[in-house]
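> Read off the chains here:
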Amino acid sequence: MRKLLKLCLGAAVIAAPSILPSYAWSASTDITVVLETQPDQLDPCQSSKSQVGKVIKQNVVETLTEINPENGQIKPRLATEWKQVDDLTWRFKLRQGVKFHDGTPFNAAAVKYSLERTLDKSIDCEIRVKYFGGMTLTATPISDDEIEFKTNTPQPILPTLMGTVVAMSTATPMGKITREPIGTGPYKLAQWVPGQRIVLERTNDYWGDKPKVTKATYIWRSESAVRAAMVASGEADISPNIAVQDATDPSMDFSFLNSETSRLRIDAAIPPLNDVRVRLALNYATDREGMKGTIFSKQVIASAQHVVPGINGHNPDLKPYPYDPAKAKALLKEAKAAGTPIDREIVLVGRYNLYPNSEESVQALQAMYEAVGLKVKLRMTEAAEWYKLLFKPFAKDRQPTLFQEQHDNNNGDAVFTIYVKYHSQGGQSTISDPELDKLIDEAGRSTGEKRTKLYQEAFKRIHEVDVPDVSLFHMVGFTRVNKRLDFRPSIATNSELQLSLVGFK
Amino acid sequence: MTGYILRRGGQSLLAFVFLLVLVFFLARMTGDPTNLFLPMDAPMDQRIAFAERHGFNAPMYVQFGRYIYDVLHFDFGQSIFQGRPAMDAALNAFPVTLKLALVTMFLAMFFSILIGSLSAFRPGGMFDRIASMVTITGASAPDFWVAIVAILVFSVSLGLLPTSGMGSVWHWILPVGVLLIRPLGLMTQVVRASMIGALASSYVKTARAKGASNRRIIFLHALRNSLLTVVTVAGDQAAALVNGAVVVETVFGWPGIGNLMISAIKQRDFAVVQACILLTAFAIFVMNILIDFAYTRIDPRVRTT
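Protein chains in written order, with my numbering: chain A, 1 to 505; chain B, 1 to 305.
Treat the hints with caution; some may be incorrect.
Coverage of chain A stretches by chain B, computed from C-beta distances (three or more under 8 Å per stretch; other residues unrestricted) [what the hints assert, rightly or not]:
#1 39 to 45
#2 190 to 196
#3 215 to 223
#4 230 to 241
#5 387 to 394
Hint data in this document are derived by calculation from the structure and do not stem from the laboratory.
Quick reminder that beta carbons are idealized off the backbone N, C-alpha and C, glycines included.
Sequences are here, hints too, so could you generate the full structure?
Spelled out as structure tokens, the structure:
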């Protein structure tokens, strides 16, 4: 017994040093941000990933241009102005007198290096995969503060794309993922203890206005209830994303359109869903208002297209289909009379944890569709299986399918949504409408007013003629903010958290 | 002793190989990480290029062969999400879980022996009934729920303890408390049962007849003889702590092996899952040897066999 006790005490002594306090309360202009997960990497070329972007984008590393989340307009950031020379060529003027955190100058050579590293195929940079997939782009410095970009296909929205490209120091290793981002932003990475915290500190020689927050510590807790509790108890200052059931205190919790839009994709190739009357009936049978404030939070906005307002190409004239079960029944009756097999079983594929209550929402939709006389079977999937069903090639012998999905476009332009979702060549599209393809292709080549008009027309055609989905809601997120801070989340909060926008009361 | 450890090592090696095969194929049955790593809208050619770069498109037996070859060379693969060796990630996380488990097991043994012995002294008495009710209720409550409720009560409502995280000694109270509940409940019952047996035995009657004090009878004569069962159960419970650690570390945000494992499984970061499982299996192997060793110290009869 005595020996056992000794053994146990010994263990306690070994463990003790690490138990003893090392916790310090933050001073008034230092803040703590509690995220959902730890970023796996902090490589600048991954800053389009939301978990990476929330820490470093526009804080440590900055983009050449910046998208105003409210209206989709492009603002200068590290680039001050730009012009299109010809179809394939753009010239960008760069901000002068900017330095990276390691003291090296920000200039055309650094931009060229950053771009080449981002587009390097030997590392998996999300910015390359997501925005520069099908094109080749070469950068040529004209002078220290001017750079020319040449592409192999016309890129009318290159200034928008440059809102995703971040500048990094030429000390960043080529061909290898780095854990030390060196940028030009108002904050530099001071400490990263894997698994525990990331600390950013304000730099003294930032080119722009000096932000108010002096130091930001990022920690992560996977449970929303814990994150909410941490802000409530004063242990943290901002939790960018908490679940709707934890957003119970209006003095701390703010909702924001999180740029996600939810829908059911209709497999328009398989009977009975190949009949547009059936697809319309599904839309009329959907009680969007009834799900607001019950299954979905009451701040969501019923949607009629797959991009949020503020994205170039969003059509403000489109209205969601009203709830009209009688009309749905009439349409189905008509379809049946024309020989469409509306008695065939339809599979509704849902995904666990796609968004809060995603399971309940497909159950409700199943009930609504059965109420108008369709046969609907529910099939819930996990992420890996769901992804398989999301993409082409679709199985040849598949059943008619409704597919629960949500999509996030906060990059200012409809091109990031419309091609992949609706073009006959798009990787997730279930329709093939030559008229629509023409509109989408033409819009992709155009600029300015014309581009906007064409995309709006395309969305109108999708909504009224093709009906390849049951558009549900523009979704909201909830941010909990400590009362001592002056900060409001925006549509950008899903992908970045600019510390320079945080003030104190 | 050396021969004994070698023998045990040989037996465990077989289990290790079995585990490796199982984990390798089970993990891959859940799909490959390409879709989870790349953005949702990534075109097909990018997906194929990614799978090729990381070898996910090779036939399963080729991937397995590569893996075994690497493990034999002590290369446990790269974490594709973290961009560093998988074993580094696992080794970084391991001490956190080890400390958590050590502190919890120490407290569980101490309190289970104390409460169990006192309960056994008067089975059916007031103390016994209250102790049984409390420990069994605690052990039956889902730890996830207990953890969240504990945070809401002690941190948010009462403001007594930090919600989560590591750092001061105060940060340890809630996680250790939650993790403690299950082994404590079980071990208390085991101590109680074996103590009741020991207290009814003839050597205790002899000691009583000789006029030994109650304290001496309980903690010296009876306890030493019932410790054997306790150590066995404690070993089981220590291994089961890894399960509890997954929940506790996730809720309280501790960067331990449970937390790492769960996020690696969600991301299909195979190399990390494999590294974590190997490391945990190794730790349990070492612990079993320590327990066998403890037997020989507690029970002289084991030494001769």
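> Could you work out which of the previously given hints the structure breaks and list their numbers from low to high?
Violated: none.
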